[in-house]
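Peer 1: Just so you know, the protein sequences line up as chains A and B, in that order.
Under the numbering used here, think of the first position of the first sequence as 56, with each following residue one higher.
Under the numbering used here, think of the first position of the second sequence as 56, with each following residue one higher.
Be aware that one or more of the hints could be misleading.
Put simply, identical chains are the same to the list, so a pair is met inside one copy or across any two.
Below, computed lysine-lysine pairings styled on DSBU-like, alpha-carbon distance capped at 35 Å [what the hints assert, rightly or not]: (1) K350 - K224; (2) K305 - K168; (3) K88 - K58; (4) K166 - K69; (5) K198 - K327; (6) K84 - K168; (7) K58 - K327.
Hint data in this document are derived by calculation from the structure and do not stem from the laboratory.
Each chain, written out:
2 protein chains.
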Amino acid sequence: MNKLLLKEIKEQPKVIDSFLVKQEKYVEKICSKLKDQFDYIVIAARGTSDNAARYAQYLLGSENSIQVALATPSLFTIYKTPPIFKKALVVGISQSGQSPDIVSVLGTAKKQKRPTISITNDTNSPLANVSDYVINLDIGVEKAVAATKTYTASLAALALFSCHLSGDKERLDALKDLPVKMLQTLDNTMKNITQTNRYRYMDHCVVIGRGFNYSTAFEISLKIKELTRVIAVPYSSADFKHGPIATVNKGFPIIVAAPSGMIFDHILDFSKNLISLGAELLVISDNESLLRLGKTSFTLPKGIPEWISPITAVIPGQVFARQLAIEKGLDSDNPEGLKKVTETY
Amino acid sequence: MNKLLLKEIKEQPKVIDSFLVKQEKYVEKICSKLKDQFDYIVIAARGTSDNAARYAQYLLGSENSIQVALATPSLFTIYKTPPIFKKALVVGISQSGQSPDIVSVLGTAKKQKRPTISITNDTNSPLANVSDYVINLDIGVEKAVAATKTYTASLAALALFSCHLSGDKERLDALKDLPVKMLQTLDNTMKNITQTNRYRYMDHCVVIGRGFNYSTAFEISLKIKELTRVIAVPYSSADFKHGPIATVNKGFPIIVAAPSGMIFDHILDFSKNLISLGAELLVISDNESLLRLGKTSFTLPKGIPEWISPITAVIPGQVFARQLAIEKGLDSDNPEGLKKVTETY
Numbered sequence: 056m057n058k059l060l061l062k063e064i065k066e067q068p069k070v071i072d073s074f075l076v077k078q079e080k081y082v083e084k085i086c087s088k089l090k091d092q093f094d095y096i097v098i099a100a101r102g103t104s105d106n107a108a109r110y111a112q113y114l115l116g117s118e119n120s121i122q123v124a125l126a127t128p129s130l131f132t133i134y135k136t137p138p139i140f141k142k143a144l145v146v147g148i149s150q151s152g153q154s155p156d157i158v159s160v161l162g163t164a165k166k167q168k169r170p171t172i173s174i175t176n177d178t179n180s181p182l183a184n185v186s187d188y189v190i191n192l193d194i195g196v197e198k199a200v201a202a203t204k205t206y207t208a209s210l211a212a213l214a215l216f217s218c219h220l221s222g223d224k225e226r227l228d229a230l231k232d233l234p235v236k237m238l239q240t241l242d243n244t245m246k247n248i249t250q251t252n253r254y255r256y257m258d259h260c261v262v263i264g265r266g267f268n269y270s271t272a273f274e275i276s277l278k279i280k281e282l283t284r285v286i287a288v289p290y291s292s293a294d295f296k297h298g299p300i301a302t303v304n305k306g307f308p309i310i311v312a313a314p315s316g317m318i319f320d321h322i323l324d325f326s327k328n329l330i331s332l333g334a335e336l337l338v339i340s341d342n343e344s345l346l347r348l349g350k351t352s353f354t355l356p357k358g359i360p361e362w363i364s365p366i367t368a369v370i371p372g373q374v375f376a377r378q379l380a381i382e383k384g385l386d387s388d389n390p391e392g393l394k395k396v397t398e399t400y
Numbered sequence: 056m057n058k059l060l061l062k063e064i065k066e067q068p069k070v071i072d073s074f075l076v077k078q079e080k081y082v083e084k085i086c087s088k089l090k091d092q093f094d095y096i097v098i099a100a101r102g103t104s105d106n107a108a109r110y111a112q113y114l115l116g117s118e119n120s121i122q123v124a125l126a127t128p129s130l131f132t133i134y135k136t137p138p139i140f141k142k143a144l145v146v147g148i149s150q151s152g153q154s155p156d157i158v159s160v161l162g163t164a165k166k167q168k169r170p171t172i173s174i175t176n177d178t179n180s181p182l183a184n185v186s187d188y189v190i191n192l193d194i195g196v197e198k199a200v201a202a203t204k205t206y207t208a209s210l211a212a213l214a215l216f217s218c219h220l221s222g223d224k225e226r227l228d229a230l231k232d233l234p235v236k237m238l239q240t241l242d243n244t245m246k247n248i249t250q251t252n253r254y255r256y257m258d259h260c261v262v263i264g265r266g267f268n269y270s271t272a273f274e275i276s277l278k279i280k281e282l283t284r285v286i287a288v289p290y291s292s293a294d295f296k297h298g299p300i301a302t303v304n305k306g307f308p309i310i311v312a313a314p315s316g317m318i319f320d321h322i323l324d325f326s327k328n329l330i331s332l333g334a335e336l337l338v339i340s341d342n343e344s345l346l347r348l349g350k351t352s353f354t355l356p357k358g359i360p361e362w363i364s365p366i367t368a369v370i371p372g373q374v375f376a377r378q379l380a381i382e383k384g385l386d387s388d389n390p391e392g393l394k395k396v397t398e399t400y
């Protein structure tokens, strides 16, 4: 126990580097074929992949001016009254490509003669079989139950798609430089991971992220829940103000994931507000002013553009969640009650 | 203290009845003007109104075959790189009509010459001013900080819109009959509200709902957080299986909101699974088999079509959250740390 997950977390810089090299031409081809063939995008995904879909909402909205909708799979599988996709491009994200509800959304899109793309780590899966285009993560089998490398690789796939759709060479270069930054993030995190000790008896927490890193808050929260059984609840700082902020009391543990970028000043102000309410912060950032507010902090490398920052910002959360599982005496590779492939209808 | 909120909860059948009568013609007019003028809908909303938007995803998807996307307001206000709406209809939901981020989404839609509708309780608000069409809830000022009657009225507004868009007389009649069922729900709930006693020292819980009542899970969870400071986390049963189910241990409190309908059998099976994991259930349903699984249960009236069931199913949750606040010695009308109007950017 406690070997597989760390191995896969550490593989991330290398497998993403190799993914970007191997899939660049193919993704470029998809983009040139599909460009101007759709008005908006619908993404179907569950669990960790749904957090990649959350990233896509900001990424494709901000960098490609495309409105992204998240599919509601039960309309397809249970109610059997799916929406008409009109001029949508429909994307499925699933590392295993097995979940019947996600397959059903893509299958319906195909029947409606809409273009479909799947992002998956298994090109022989039902999801791949029902898709016009398959972006193959091809990063080796993920053996630990909690998804890590398939998450960051899915984000990288979306980022590659975004770059080629807009034909933006500068952004593509920044993306290709990212694996080095991921490696630095891993090194920084491993050096400071003993800080996790403090959270041995934490039984709940909130995870805050906004904009591009809304996805990061969701994914860190999911890793914590899966691996440690701690009730970790993700919020954007804006949504948190609309009600849930009432739950904050003295010592309330809040994880803030906020790399530099357009949203940063808002998160900094919000974090000061949380401190004034008595919250105790764990900060993941590259900014000293914010890091100083954390009782515990994980430092991110500087110079990462905000639009790809979720691919690095999640890493300290992955390592923290794993370490916390170990501190609590749990098996981080095979959390009780979870299976690697969850089939939902 | 502890007067305003209950008064407003109890007003719901009456104000919704009157809303439906007063706004029917106007909503019919909007629908006839906008029909075939859009391919999909984007909804901008925060907090309680965002839960109404979640209902709209299922309602308009299932009953009107329309894909609904939830807007990501920070792309408009902070990043200032909004998506291009192409052939979208853009809807803002906000009882106060004040939140600058929601106003900004509608303002951008207007600049892009897309049709806009707002659903609000204040026709002089900035949101109303920036909208082509304003569906006026007109249900009197909501004085308690936690939104209740503006939530169910927003759902009713969406339901009215859905009926007129499809020109479905039978559904419209069912909607008009709903206030009577709401009154029955209130009576049933008030008679059994002493059950809340048991939860005095509960500090966290999960709330499960799926399909149409995914919105109900979110809204009950939000009321509990706002009013009681309990960490209440909403999930669809499908999403819960993809990871968070690992947090369930002996005695773990889970609220299940599941009226009869297409999704019901899935929730019943899932609830049995939760029991086998040791969870303790509080059930809101009209089905005896499910109600029996609850340590505590609130009975809904029979014969409510699933597509409008969220308007009644939320009521026991509202009353429960208020009563739990009182059991915990809190002021249910003015929860500490919250304001009635939250302005986010």
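Peer 1: Look at each hint and say if it fits the structure.
Peer 2: Hints, one by one, checked against the model:
In the homo-oligomer, the alpha carbons of K350 and K224 never lie at most 35 Å apart, since the shortest distance is 40 Å inside one protomer and 60 Å across protomers. Proximity of K305 and K168 under a CA criterion of 35 Å is satisfied in neither setting, with 55 Å inside one chain copy and 48 Å between copies. In this assembly of identical chains, the alpha carbons of K88 and K58 never lie at most 35 Å apart, being 42 Å within a copy and 62 Å across copies at closest. When the C-alpha separation of K166 and K69 is checked against a cutoff of 35 Å, the pair qualifies neither within a copy, at 38 Å, nor between copies, at 45 Å.
For the homomeric pair K198 and K327, the shortest alpha-carbon distance between copies (29 Å) is at most 35 Å, but the shortest distance inside one copy (40 Å) is not. Taking the shortest Cα distances, K84 and K168 sit within 35 Å of each other both inside one copy (20 Å) and across copies (33 Å). Taking the closest pair of Cα atoms, K58 and K327 come within 35 Å of each other only across two copies (34 Å); inside a single copy the shortest separation is 38 Å, beyond that limit.
The structure fails hints 1, 2, 3 and 4 (numbered hints given earlier, in ascending order).
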